[in-house]
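Go ahead and model the full structure; you've got the sequences and the hints to work with.
So you can see what is in the structure, the chains are spelled out below.
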Amino acid sequence: MSINKDKNIFEIKNLQKWFPVRRTMKEVLNKEQRYVKAVDGVTFNIRKGEIFGLVGESGCGKTTTGKLIMKLLDPTGGQMSFNDEDVTYLDHHKLVDYRTKVQMIFQDPYASMNPRFRIRDVLEEPLVIHKIGETREERYDMVRKALAEVRLQPPDEFMERFPHMLSGGQRQRAATARSLILNPSVIVADEPVSMIDLSTRAEILHMMKSVQRELNLTYLYITHDLSTARYFTDTIAVMYLGRIVEMGDPDDVIDNPKHPYTQALITAVCEPIAGKVNRIKEVPIKGEIPSAMSIPKGCRFHPRCPYAKDICWEADQPELEDIGNKHLVACHRYKEI
Amino acid sequence: MANNNKKEKVLEVNNLKLYYRTSMGEVKAVDDISFFLRKGETLGVVGESGCGKTTMGTALLKMPTPPGYIAGGEIKIAGQDIVPLTEKEIRKNIRWEKISMVFQGAMNCLTPVYTIGKLMMETLQEHRQMSKSEAYDRMVKYLGYVGLPEHILNKYPHELSGGMKQRVVIATGLFLEPKVVVCDEPTTALDVVVQAQIINLLKELKEKLDLSFIFITHDLATEAEVSDRIQVMYAGKIAEIGTNQQIYGEQGASHPYTRRLLAATPKLHEKVAELAFIPGTPPDLLHPPSGCRFHLRCDVAMDKCKVEEPPLVEIEDDHYVACWRCPKK
Numbered sequence: 001m002s003i004n005k006d007k008n009i010f011e012i013k014n015l016q017k018w019f020p021v022r023r024t025m026k027e028v029l030n031k032e033q034r035y036v037k038a039v040d041g042v043t044f045n046i047r048k049g050e051i052f053g054l055v056g057e058s059g060c061g062k063t064t065t066g067k068l069i070m071k072l073l074d075p076t077g078g079q080m081s082f083n084d085e086d087v088t089y090l091d092h093h094k095l096v097d098y099r100t101k102v103q104m105i106f107q108d109p110y111a112s113m114n115p116r117f118r119i120r121d122v123l124e125e126p127l128v129i130h131k132i133g134e135t136r137e138e139r140y141d142m143v144r145k146a147l148a149e150v151r152l153q154p155p156d157e158f159m160e161r162f163p164h165m166l167s168g169g170q171r172q173r174a175a176t177a178r179s180l181i182l183n184p185s186v187i188v189a190d191e192p193v194s195m196i197d198l199s200t201r202a203e204i205l206h207m208m209k210s211v212q213r214e215l216n217l218t219y220l221y222i223t224h225d226l227s228t229a230r231y232f233t234d235t236i237a238v239m240y241l242g243r244i245v246e247m248g249d250p251d252d253v254i255d256n257p258k259h260p261y262t263q264a265l266i267t268a269v270c271e272p273i274a275g276k277v278n279r280i281k282e283v284p285i286k287g288e289i290p291s292a293m294s295i296p297k298g299c300r301f302h303p304r305c306p307y308a309k310d311i312c313w314e315a316d317q318p319e320l321e322d323i324g325n326k327h328l329v330a331c332h333r334y335k336e337i
Numbered sequence: 001m002a003n004n005n006k007k008e009k010v011l012e013v014n015n016l017k018l019y020y021r022t023s024m025g026e027v028k029a030v031d032d033i034s035f036f037l038r039k040g041e042t043l044g045v046v047g048e049s050g051c052g053k054t055t056m057g058t059a060l061l062k063m064p065t066p067p068g069y070i071a072g073g074e075i076k077i078a079g080q081d082i083v084p085l086t087e088k089e090i091r092k093n094i095r096w097e098k099i100s101m102v103f104q105g106a107m108n109c110l111t112p113v114y115t116i117g118k119l120m121m122e123t124l125q126e127h128r129q130m131s132k133s134e135a136y137d138r139m140v141k142y143l144g145y146v147g148l149p150e151h152i153l154n155k156y157p158h159e160l161s162g163g164m165k166q167r168v169v170i171a172t173g174l175f176l177e178p179k180v181v182v183c184d185e186p187t188t189a190l191d192v193v194v195q196a197q198i199i200n201l202l203k204e205l206k207e208k209l210d211l212s213f214i215f216i217t218h219d220l221a222t223e224a225e226v227s228d229r230i231q232v233m234y235a236g237k238i239a240e241i242g243t244n245q246q247i248y249g250e251q252g253a254s255h256p257y258t259r260r261l262l263a264a265t266p267k268l269h270e271k272v273a274e275l276a277f278i279p280g281t282p283p284d285l286l287h288p289p290s291g292c293r294f295h296l297r298c299d300v301a302m303d304k305c306k307v308e309e310p311p312l313v314e315i316e317d318d319h320y321v322a323c324w325r326c327p328k329k
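Here the protein sequences line up with chains A and B, keeping their order. If you use my numbering, the first sequence corresponds to residues 1 to 337, in order. If you use my numbering, the second sequence corresponds to residues 1 to 329, in order.
In case anyone wonders, no lab produced these hints; they're calculated from the structure.
Beyond 10 Å from chain A on every Cβ pair, some chain B residues (computed): (1) Lys39; (2) Gln104; (3) Thr123; (4) Gln129; (5) Glu309; (6) Asp318.
Computed footprint of chain A on chain B, listed as stretches where at least three residues anywhere in the stretch have a Cβ under 8 Å from a Cβ of chain A: (7) 181-194; (8) 198-207; (9) 223-233; (10) 249-262; (11) 268-281.
With a straight-line Cα cutoff of 27 Å, these simulated DSSO-like cross-link-like pairs (lysine-lysine) come out: (12) B:Lys39 x A:Lys281; (13) B:Lys141 x A:Lys281; (14) A:Lys286 x B:Lys203; (15) A:Lys281 x B:Lys271; (16) A:Lys281 x B:Lys179.
Every residue, glycine too, gets a C-beta built ideally from N, C-alpha and C.
Written out as structure tokens, the structure reads:
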């Protein structure tokens, strides 16, 4: 285990995804093209067997990053390697192979299953697509095993049910089972618990964590919720407007945030503690995330940053810097603030 | 908190029942609940999905979603019971005039082909006879309250961000100076930073306009920052009502459900090895369990809990609990 732990399963270098915007007549004539820079140069590694958390507000590019890793989208630039193999661009044949190793759990368990399929069909489908299992019985055995893994007991009863007959938590379990059935080594989980009730949310996370330990899986956990990210992940990366602004051990990032954006996010989180109702909370940053179509020059956070100075908009955008203990920050002025 | 006691009750609900008629029987979504709201306070309503919190909100405006209907009880707004009133009277005198609602996801339901000005004008014209310039002044005044500039009136919903749309919806809810505003999950779809801004806005408005809010959400953490008193609902019943201090303070909440719900709420600055959760699912309201509705998931349930339903009793000043296990203090 300990040897494996330090090996990187994913190495992402300067990954970009720009979506072209429909051009106006003037732009066509001037041969201009504007882009929505959803992901604009992210660099990170995911170690084998870790849970890597990607957090940020909506529109920060975290889901797009997840889709790039899932290879549902092709990157505009940058490099991606998986198990020391370059996977930036793959042909269809290799892509099918890649997808057996990297699977995804979607946010909405209500929308991600065909309502006319029984759970056994939902889970059998990936096996049929990837031509695994000779007979139907053999495939059903695998379905049964996967359902038992996510603790949908008894599996035989759940196999006969339709998705609408399951509660939100049970559906997310079934979705997890579906992603486990191909024996992947990586699972991309995009907000897997945000639609689930608070009382069962911890149960699902708990189940996901024990499955991860049992099968030695690697997770990419995408969320907007810092509180669950802290509990669930081994590394947190905070994204803002398509770039990572801070990354490191969850305890370091949350108890000792260095980037002003992370600091603001943390102050804004509500906590179930008495005596806060009569106070107006200081939110250090104003306004909302700007459009990814017109990204501010220099540090992209400077228009909202309470500490911004000349250097922040005049110099190039800050790169991630190691400040010790693998805690990385992308800020020109982190030392002063 | 103590001086709050002297304030009058602006809303009083007694034995309210709201059932949904279905082919399989009656779903008792809100079953015999009683509570009150004082002037100038925020009452938070929390619970899991399906506990009846939104249903209760719509009942307060006497607009249950069909096939729901109010099966009994009283809703007194400033002393006047609105349940026996006809729909016409409600529309004219109660809804939006005395009590208004900010609906869940309302920011995504603004008509896309109307400008914000036209949308807001619609509400105003329905209720008040006033000239165009008067109406315009009023709209600008309320947009100012929620921190939006005047030129928003000429914009279409898609030109605004989520937070701005939510502010527009709140402004529309305040507009006719109601006494009570029911907010159903007003911050759930927003990002944390914007969420904090909206929460601050609601607190400021409460001070400035002396409003009373009912704040419905599933998130106990948000409730801790917004509500003076918290009402916890489970399966169509009230489990506990307590002040902010009584629920979140060191002594901790009293009802086992509240306690376990709190334990399942992750705290950002507290590292825990395992999060707690509540096993099982909320009961089917077509056939609610006998006795206390929580007994199937409760870890301290006794034999009595299975048979007899616990009444909501005041165990200390302003602290109401429906549990056989919670003695009077």
